[in-house]
Amino acid sequence: GQQLNQSPQSMFIQEGEDVSMNCTSSSIFNTWLWYKQDPGEGPVLLIALYKAGELTSNGRLTAQFGITRKDSFLNISASIPSDVGIYFCAGQLGYNFNKFYFGSGTKLNVKP
Amino acid sequence: GAGVSQSPSNKVTEKGKDVELRCDPISGHTALYWYRQRLGQGLEFLIYFQGNSAPDKSGLPSDRFSAERTGESVSTLTIQRTQQEDSAVYLCASSLGSQSGELFFGEGSRLTVL
Chain A
1 GQQLNQSPQS MFIQEGEDVS MNCTSSSIFN TWLWYKQDPG EGPVLLIALY
51 KAGELTSNGR LTAQFGITRK DSFLNISASI PSDVGIYFCA GQLGYNFNKF
101 YFGSGTKLNV KP
Chain B
1 GAGVSQSPSN KVTEKGKDVE LRCDPISGHT ALYWYRQRLG QGLEFLIYFQ
51 GNSAPDKSGL PSDRFSAERT GESVSTLTIQ RTQQEDSAVY LCASSLGSQS
101 GELFFGEGSR LTVL
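Residue numbers (our numbering), protein chains in the order written: chain A, 1 to 112; chain B, 1 to 114.
I should point out that these hints are in silico values taken from the structure, not numbers from a laboratory. Fair warning: there could be bad hints in the mix.
With a straight-line Cα cutoff of 27 angstroms, these simulated DSS-like cross-link-like pairs (lysine-lysine) come out [claimed, not checked]:
| no. | chain 1 | residue 1 | chain 2 | residue 2 |
| --- | --- | --- | --- | --- |
| 1 | A | Lys107 | A | Lys70 |
| 2 | A | Lys107 | B | Lys11 |
| 3 | B | Lys57 | A | Lys70 |
| 4 | A | Lys51 | A | Lys70 |
| 5 | B | Lys57 | B | Lys15 |
| 6 | B | Lys57 | A | Lys99 |
Given these sequences and hints, build the entire structure.
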């Protein structure tokens, strides 16, 4: 299957710091999504990106769809303890939304 | 309900037994997906249903795995002759299908095969 390389694998930061994580692929994707998963829960959609170069914000979160369509990043500004969780990127090939490929996740730890 | 509902939330079974997992998607969502998530891993695509089209079964890992969906409603994922490597969280998601690429996930069914 398609490989999405997500980095970093884990992060330990201090409350108030900014965070950046990214996903890259050798394939061109038409959609990039960013999800957060809390323990024991299903992933929850944070940001959806549909156009190359698109920069979208959701509160303290900002994500961009790379111009090459092979990468995306997610930034979290002024982190707070409730930001703790696992963040997944997901990319979609084609236009039928029939299959999304997920990265292996970035585990974020925030120290108060 | 308002969200994707999955049952059971937890299932412990013995190796060799069959299990059935259920997913109730969001009303009006024509697309339904099953993913598998092993401990500490990302999500692995299993199968996709879109309306009355033939499902995309390309992610099913073996013929012990099968899934059905009745129209645009409930789906069941069946694992026959379970093996220990089948232990994982099985996540179901639904979306508006061709109108949207946004997946809404249930809380998952945690399967433990002893």
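### Task
Verify the proposed pairing of Lys107 of chain A with Lys11 of chain B, using a straight-line Cα cut of 27 angstroms.
holds (26 angstroms)
### Query
Are Lys57 of chain B and Lys15 of chain B close enough, with their CA atoms no more than 27 angstroms apart?
Measuring from Cα to Cα gives roughly 24 angstroms; hence the hint holds.
### Task
Given the hint that Lys57 of chain B pairs with Lys99 of chain A, test it: the Cα-Cα distance must not exceed 27 angstroms.
holds (11 angstroms)
### Message
Holds or violated: Lys57 of chain B and Lys70 of chain A, Cα atoms, limit 27 angstroms.
### Response
holds (25 angstroms)
### Query
Holds or violated: Lys107 of chain A with Lys70 of chain A, Cα cutoff 27 angstroms?
Judged against 27 angstroms, a Cα distance of about 22 angstroms means the pair holds.
### Task
Assess, step by step, whether the Cα of Lys51 of chain A is no farther than 27 angstroms from the Cα of Lys70 of chain A, and give holds or violated.
Holds: Lys51 of chain A and Lys70 of chain A sit about 12 angstroms apart, inside 27 angstroms.
Going down the numbered hints, you'll see the structure goes against none, and every one checks out.
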